[in-house]
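Go by the hints and put chain B onto chain A.
Sequence lines, in order, name chains A and B. Every letter in the first sequence is one number past the one before it in my numbering, and letter 93, counting from 1, is 93. Every letter in the second sequence is one number past the one before it in my numbering, and letter 174, counting from 1, is 174.
FYI, nobody ran anything at the bench for these hints, they're computed from the structure. Be aware that a few hints might be false.
To be verified - Pairwise CB distance ranges (calculated):
(1) Gly-247/B / Asp-220/A: 23 to 33 Å
(2) Glu-239/A / Asp-85/B: 23 to 33 Å
(3) Asp-124/A / Asp-284/B: 31 to 41 Å
(4) Ala-145/B / Ser-228/A: 38 to 48 Å
(5) Glu-94/A / Pro-41/B: 47 to 57 Å
(6) Lys-269/B / Glu-126/A: 41 to 51 Å
(7) Ile-194/B / Pro-197/A: 45 to 55 Å
(8) Ile-194/B / Ala-33/A: 56 to 66 Å
(9) Lys-236/A / Gly-44/B: 15 to 25 Å
As the list claims (entries may be wrong) - Once the Cα atoms are required to be at most 25 Å apart in a straight line, the calculated SDA-like pairs of lysine to any residue come out as:
(10) Lys-370/A / Val-173/B
(11) Lys-269/B / Asp-107/A
(12) Lys-304/A / Gly-42/B
(13) Lys-198/B / Thr-110/A
(14) Lys-109/A / Val-173/B
(15) Lys-109/A / Thr-263/B
(16) Lys-280/B / Gly-272/A
(17) Lys-109/A / Arg-281/B
(18) Lys-228/B / Arg-108/A
(19) Lys-109/A / Glu-265/B
(20) Lys-81/A / Ser-258/B
(21) Lys-207/A / Gly-247/B
(22) Lys-269/A / Gly-259/B
(23) Lys-269/B / Glu-127/A
(24) Lys-109/A / Asn-274/B
(25) Lys-109/A / Gly-259/B
(26) Lys-55/A / Pro-245/B
(27) Lys-236/A / Lys-198/B
(28) Lys-81/A / Lys-280/B
Note that CB positions come from ideal geometry on N, CA and C, so glycine has one too.
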Amino acid sequence: MDIHEYQAKERFIAAGIPVPPGRIATTADEAEAIARDFGGPVMVKAQVHSGGRGKAGGVKYAADAAAAREHASRILGMDIKGLTVEKVLVTPAEDIASEAYVGVLVDRKTQAATFMVSAEGGMDIEEVAATNPDAIRRLAVDPRYGLLPHQAYWLANFLYEEPAHIRQAASVIARLYDSFVDSGASMTEINPLITTPDGAVKAIDAKMSIDDNELFRRPDVAAMRDNSAEPASETKAREASLSYVKLDGSVGCCVNGAGLAMATMDLVKYYGGEPANFLDIGGSSNPDKVVAALEIITSDPNVKSILFNIFGGITRCDDVANGIVEATKRIQIDVPIVIRLTGTNEELALEILEKAGFSAYTSMDAVVEKAVQLANA
Amino acid sequence: MSIFIDSDTRLVVQGITGRDGSFHTRQMMEYGTQVVAGVTPGKGGQTFEGPGGRTAPIFNSMDEAVAETGANTSVIYVPPAFAADAVLEAADSGVTFVVAITEGVPVLDMARAHAFARDKGVRVLGPNCPGLISPGKSKVGILPAQIVTEGPIGVVSRSGTLTYEAVFQLTNVGLGQTTCVGIGGDPLIGTNFIDCLKAFQADPDTTAVVMIGEIGGTDEQEAAAFVKEHMTKPVVGFIAGQTAPPGRRMGHAGAIISGSAGTAEEKMKAFADNGIAVAKRPADIVGLIQDAIA
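Next comes chain A alone, as it looks inside the complex (with noise of 0.2 Å):
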């Protein structure tokens, strides 16, 4: 789960992070106003889970209240890759003597939480990694002992001279991991963080991604999810414990597994079709998972054909075919739908489909193909 910006720099204070002061408006009007109450020049900056905010307009400079009013109301509103703003931040406008990185996540190649801090701040740290890799410099967190001080001293080394800057980023170093730690963090960055002129070190911008595993015993950090970032679909399927992503094309997918679901997309593309959607009804399915992803995969006008691909494991088929049988009796369905059982309690599944009058297909690819030519139709 993403969180917003201004979430983001919530979590930091609450762990002792600099972070100039903000404040959220979701008019014109109130961004004039907290621009005012702010008094100097502010940023105005739109508050989507996106990268490349700045690149596409949604980031900008106002020398007084009547510019934030201006920037906002232009801001909100705006389509960032396809995302709505409805929200931005108001900030007060640093004087900025220097940019670094600073951002930690969970490496699959350590295992670890691993940092990754450059002096080129401001710029997108991939990039950096693509043709500088020098200029980074990198830590993985054994896990048993958290980070030790002198390591945050070590990364600060790499990106000042100053002692002062030193000290004081070797602090939000160490606090950016206590931060990520109690977030139930995958992810969070600070690009940049930034030395003014008076000596002070600041993060002025912050990012963190959550580990949606963490959410159920982290309550405080599962409240900031934002629905309205999300296509209405992707909410209903989240809220019925299935895992769902919305796509563009014409053949509703219903798949157990991930790696099953992708692969049926996959064979969707290779039959000349394209799939509407990745859905994944999940191990140990019960009918009324089924029914919701039905009337998921249904509330999108562009499915032409429904498709079910299920392989028994934890998964029982005849649980499947109970929920096909029931969600068809429960909501109108206009368009075909063509299922492939096959695993566990499979011909208990086909006696049920059979009783209720449906057809089963025990191949993928000839289930793949049917629901392509009956989309294509």
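What follows is chain B alone, placed relative to chain A:
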């Protein structure tokens, strides 16, 4: 032969009394896996009643279960909030192999559990994996037994049901398996492709390997380099997620294209560049394996 589990595997089931734990313990017993114990805190002293009169004693802790029964392997079906603790407890109990089925374990919990298990010299498979099966010998996890048969092919995959798909097709043409391993869809997993490839290369009964990857990370690329450097046995590969959009998590916590890294395209290229025959769709795997061992 087989890898990681065989007829000497003595299994303890952590979370044996839960819905999934009890269901799959019955399936494992039916297959012939030696389930020697179960663990559910607070239910020690009870007995798990399996199919055909098979039973297993239930203990309060892994420590007792291993001491009393000589178990050497554990499988974990406990809920996500307690799964990492279950891995830690297992790794501290004397078993040498821990299979974590549970999906949804916080990744920072697993970072700690993996580090602990490594220190103890204990192999972890998963989490968020279907486990493994050595046909005719033993099954640990949730793979459906009816789709496998004994034979010379090793199968390793990040997916559950997609593995079943591939294995089922192999079985249907009479190509049996030495061991089918699901390594799991999480970003931090205990046993990776290279560990499995090494074991298959060393296993005299395995003549060829099917490797099924997906988007996210670089495990497949590293595995491809390993195949070129160290493997004499043919490997056939498949990658799921050619139609997955970047930046979106596709079900598995680890299945996400970050920036421009971890795409299906780059993985398929790494396979092809390193002498791995690449299947364009699951149905092509069988033909490629037949060509490879002909």
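Which hints, by number, does the structure contradict? Structure breaks hints 6, 9, 12, 14, 17, 27 and 28.
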